[in-house]
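A.B. asks: Protein chains in written order, with my numbering: chain A, 1 to 290; chain B, 1001 to 1278.
Be aware that one or more of the hints could be misleading.
[What the hints assert, rightly or not] In silico SDA-like cross-links for lysine to any residue, where the CA-CA straight-line distance does not exceed 20 Å:
{"id": "1", "chain 1": "B", "residue 1": "Lys1010", "chain 2": "A", "residue 2": "Ala14"}
{"id": "2", "chain 1": "B", "residue 1": "Lys1036", "chain 2": "A", "residue 2": "Ala14"}
{"id": "3", "chain 1": "A", "residue 1": "Lys90", "chain 2": "B", "residue 2": "Met1100"}
{"id": "4", "chain 1": "B", "residue 1": "Lys1036", "chain 2": "A", "residue 2": "Ser186"}
{"id": "5", "chain 1": "A", "residue 1": "Lys182", "chain 2": "B", "residue 2": "Gln1162"}
{"id": "6", "chain 1": "B", "residue 1": "Lys1091", "chain 2": "B", "residue 2": "Met1107"}
{"id": "7", "chain 1": "A", "residue 1": "Lys86", "chain 2": "B", "residue 2": "Met1186"}
{"id": "8", "chain 1": "B", "residue 1": "Lys1096", "chain 2": "A", "residue 2": "Trp19"}
{"id": "9", "chain 1": "A", "residue 1": "Lys86", "chain 2": "B", "residue 2": "Tyr1012"}
{"id": "10", "chain 1": "A", "residue 1": "Lys90", "chain 2": "B", "residue 2": "Ile1260"}
{"id": "11", "chain 1": "B", "residue 1": "Lys1010", "chain 2": "A", "residue 2": "Thr93"}
{"id": "12", "chain 1": "B", "residue 1": "Lys1232", "chain 2": "A", "residue 2": "Thr238"}
{"id": "13", "chain 1": "B", "residue 1": "Lys1232", "chain 2": "B", "residue 2": "Thr1218"}
{"id": "14", "chain 1": "B", "residue 1": "Lys1096", "chain 2": "A", "residue 2": "Val18"}
{"id": "15", "chain 1": "B", "residue 1": "Lys1010", "chain 2": "A", "residue 2": "Pro88"}
{"id": "16", "chain 1": "A", "residue 1": "Lys90", "chain 2": "B", "residue 2": "Ile1018"}
{"id": "17", "chain 1": "A", "residue 1": "Lys90", "chain 2": "B", "residue 2": "Val1016"}
{"id": "18", "chain 1": "A", "residue 1": "Lys90", "chain 2": "B", "residue 2": "Leu1253"}
{"id": "19", "chain 1": "B", "residue 1": "Lys1184", "chain 2": "A", "residue 2": "Leu7"}
{"id": "20", "chain 1": "B", "residue 1": "Lys1096", "chain 2": "A", "residue 2": "Ala14"}
{"id": "21", "chain 1": "B", "residue 1": "Lys1010", "chain 2": "A", "residue 2": "Pro78"}
{"id": "22", "chain 1": "B", "residue 1": "Lys1096", "chain 2": "A", "residue 2": "Ile25"}
{"id": "23", "chain 1": "A", "residue 1": "Lys182", "chain 2": "B", "residue 2": "Gly1136"}
{"id": "24", "chain 1": "A", "residue 1": "Lys86", "chain 2": "B", "residue 2": "Thr1218"}
{"id": "25", "chain 1": "A", "residue 1": "Lys198", "chain 2": "A", "residue 2": "Ser186"}
{"id": "26", "chain 1": "B", "residue 1": "Lys1232", "chain 2": "A", "residue 2": "Thr249"}
{"id": "27", "chain 1": "B", "residue 1": "Lys1232", "chain 2": "A", "residue 2": "Leu7"}
{"id": "28", "chain 1": "B", "residue 1": "Lys1063", "chain 2": "A", "residue 2": "Trp103"}
{"id": "29", "chain 1": "B", "residue 1": "Lys1159", "chain 2": "B", "residue 2": "Leu1128"}
{"id": "30", "chain 1": "B", "residue 1": "Lys1159", "chain 2": "B", "residue 2": "Met1100"}
{"id": "31", "chain 1": "B", "residue 1": "Lys1010", "chain 2": "A", "residue 2": "Ala84"}
Please keep in mind that the hints were generated in silico from the structure rather than gathered at the bench. Computed from a predicted model, the values in this text were never measured in an experiment.
Chain by chain, the residues run as shown.
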Amino acid sequence: MNKKSSLMSRLAGAPYIVWAALFIIVPLCMVAYYAFTDTTGAFTFDNVSGIGKYADTFILSIWLGLLATVICLFVAYPLAYIMAAKGPEKQSTMTMLIMLPMWMNFLLRTYSWMTILEDNGLLTTAINSAINLINDTILANNALSFSLDPVHLINTRGAVVVGMVYNFLPYMILPIYTVMLKTDRSLIEAAQDLGGNKLAVFKNVTIPLTVPGIVSGFTMVFVPSVSTFYISQKLGGTGTILIGDIIETQFQTANNFNLGASLSFVLMILIFICLAVMNRFSDDDGGVII
Amino acid sequence: MTKKTSIGSKLYTALVFIFLYAPIAVLIVFSFNSGKSTSVFEGFSLYWYKELFNDSATLSAFKNSMIVAVVSSVISTIMGTAAATAIHGYKNKFFKSSIMTVTNIPMMNPEIVTGVSMMLLFVFIGSLFGKTGTLGFVTLIIAHTTFELPYVILNVLPKLRQTDPHLAEAAQDLGCTPAQAFFKVMLPAIMPGIISGLMMAFTLSVDDFIISYFVSGTDSQTLPIRIFSMTKRRVTPDMYALSTLIFLAILVLLIVSNIISAHGDKKLSKKEKGGAKK
């Protein structure tokens, strides 16, 4: 009877295994296939060796993605810390408030930033009228012989980073907050009792304990930031072309599937290397704690 | 001292929330704009809401989104629950961990790569049969099911681990067939995991743009794809009206589910108290 049930439960996994093989493994093989063939289907290295042309784009994507991830970390960590110290009712309200924006369509949220940052948009107008005011005061007092230039926010790299931080910040807050909730507060108290000052306790106890949350937040922000194309299209203008934009163009307008596949292939490998490094980093730290 | 820090932390929290909600506030305010602009507010009107309900392309995209979300989330929940049960039972550690690695791929891979890889597969299969328009509803549903499956499996597996393995055995000793033991004993025990997996699958499906963008055809536009093609031009506030409505719907849903779960907690604690008295 037991044998029968175990056979049944094993069979229950069969549809999924077939599905995963067909729609997870085979598509990845297709990416590799297209990356190493030309339009006639003949084997070639041309696509992959031609990627050198896009090295700058790869570097820019990784740089902006990394910048956005680090900013997210510095914004999210204090907030998660504040949240974890609150009572349970406030905690659930705040968690809900952080998750709520994620349920809005991300295209529209990004588009909304466009109207905030554009030249006659809300933020730009506000900043520029403040600048004009300062300039007028300077002029009126004849104090200094310079004036501030009006700011221009949209279609800059800064705007792209703001878009990334905005869209993916909840993915950094929530994992760090979850880990903080699980950490044993008595460990921190013990460190304080043993004479650690606030900074030392924070540096040597709180941060190492929350490394798993930081690592998973880092991944969840970094991967979508590096590979985005919509944010850079809307907020970066023509000056900030990321690797996602180039891949998107190959598949949607240029119809060069082979080049697109080879770019995707390299992007995937780069990201897996980054993830492996991150995981190694967290494992090592875990070892140190123990 | 403590009061000072608490003011600082309150200020910080407020700033982060202003950052998170400023674009949403802009969306909502300009959905009531009487003019066409999305940056200059000319006056209050419901014009764009009326306009929205006359826009048949957007409404049909919304319908497509719902169909894809319902079908794919049901398929992925059933298949994923079965898979989680099987994975939980596997004794071979290597086999188990390789399946989990493959399951993690769609979650780790950049969405654009997942989308592109599936598009290549569908186009390749289409070219084998000499067809060009292979992308459509079916490919959309296959792709959505694929990226939802890991989330269902990862929601159900922890519940299986928490459930006492002797429960099913006890049911069988008491005369249940293995199938009955599963449906009558195990399934109710892991139901919370299944439901949260289903809800997650559904919302991921409704929200997905990047993967859908690569695997959908012209006749199977979902709402996010429709929004994308509209934001390519100058957006009119009817899109804002749409997102305001979606935002309100989600807000109401979240509040209701919070009230229900809070109510459930109260009931539970009452029951526990009652039990303690006895």
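A.B. asks: State for each hint whether it applies.
C.D. replies: Quick rundown of the hints versus the structure:
1. Lys1010/B with Ala14/A: 52 Å, violated
2. Lys1036/B with Ala14/A: 55 Å, violated
3. Lys90/A with Met1100/B: Answer violated: Lys90/A to Met1100/B is near 36 Å, above 20 Å.
4. Lys1036/B with Ser186/A: Answer violated: Lys1036/B to Ser186/A is near 58 Å, above 20 Å.
5. Lys182/A with Gln1162/B: 18 Å, holds
6. Lys1091/B with Met1107/B: 25 Å, violated
7. Lys86/A with Met1186/B: 37 Å, violated
8. Lys1096/B with Trp19/A: 16 Å, holds
9. Lys86/A with Tyr1012/B: It holds: about 14 Å lies between the C-alpha atoms, which stays within 20 Å.
10. Lys90/A with Ile1260/B: Roughly 17 Å between the alpha carbons, so the hint for Lys90/A and Ile1260/B holds.
11. Lys1010/B with Thr93/A: With a Cα-Cα distance of about 15 Å, the restraint between Lys1010/B and Thr93/A holds, given a limit of 20 Å.
12. Lys1232/B with Thr238/A: Holds, at roughly 14 Å.
13. Lys1232/B with Thr1218/B: 16 Å, holds
14. Lys1096/B with Val18/A: 15 Å, holds
15. Lys1010/B with Pro88/A: At roughly 17 Å apart (the allowed maximum being 20 Å), Pro88/A and Lys1010/B satisfy the hint.
16. Lys90/A with Ile1018/B: 17 Å, holds
17. Lys90/A with Val1016/B: Holds, at about 16 Å.
18. Lys90/A with Leu1253/B: Holds - the C-alpha atoms of Leu1253/B and Lys90/A are around 19 Å apart, at most 20 Å.
19. Lys1184/B with Leu7/A: Holds: Lys1184/B and Leu7/A sit about 19 Å apart, inside 20 Å.
20. Lys1096/B with Ala14/A: 13 Å, holds
21. Lys1010/B with Pro78/A: Holds, because 11 Å separates the two Cα atoms, which is no more than 20 Å.
22. Lys1096/B with Ile25/A: 16 Å, holds
23. Lys182/A with Gly1136/B: Distance ~45 Å between Lys182/A and Gly1136/B Cα, so the pair is violated.
24. Lys86/A with Thr1218/B: Distance of about 49 Å is beyond 20 Å: violated.
25. Lys198/A with Ser186/A: 15 Å, holds
26. Lys1232/B with Thr249/A: 14 Å, holds
27. Lys1232/B with Leu7/A: The hint is violated at about 53 Å.
28. Lys1063/B with Trp103/A: With Cα atoms ~18 Å apart, Lys1063/B and Trp103/A stay inside 20 Å; holds.
29. Lys1159/B with Leu1128/B: Cα-Cα ~43 Å, so violated.
30. Lys1159/B with Met1100/B: Satisfied, since the Cα-Cα distance of roughly 16 Å is no more than 20 Å.
31. Lys1010/B with Ala84/A: This hinted pair holds, its Cα atoms lying about 14 Å apart.
Taken one by one, the earlier hints fail for this structure at numbers 1, 2, 3, 4, 6, 7, 23, 24, 27 and 29, listed in ascending order.
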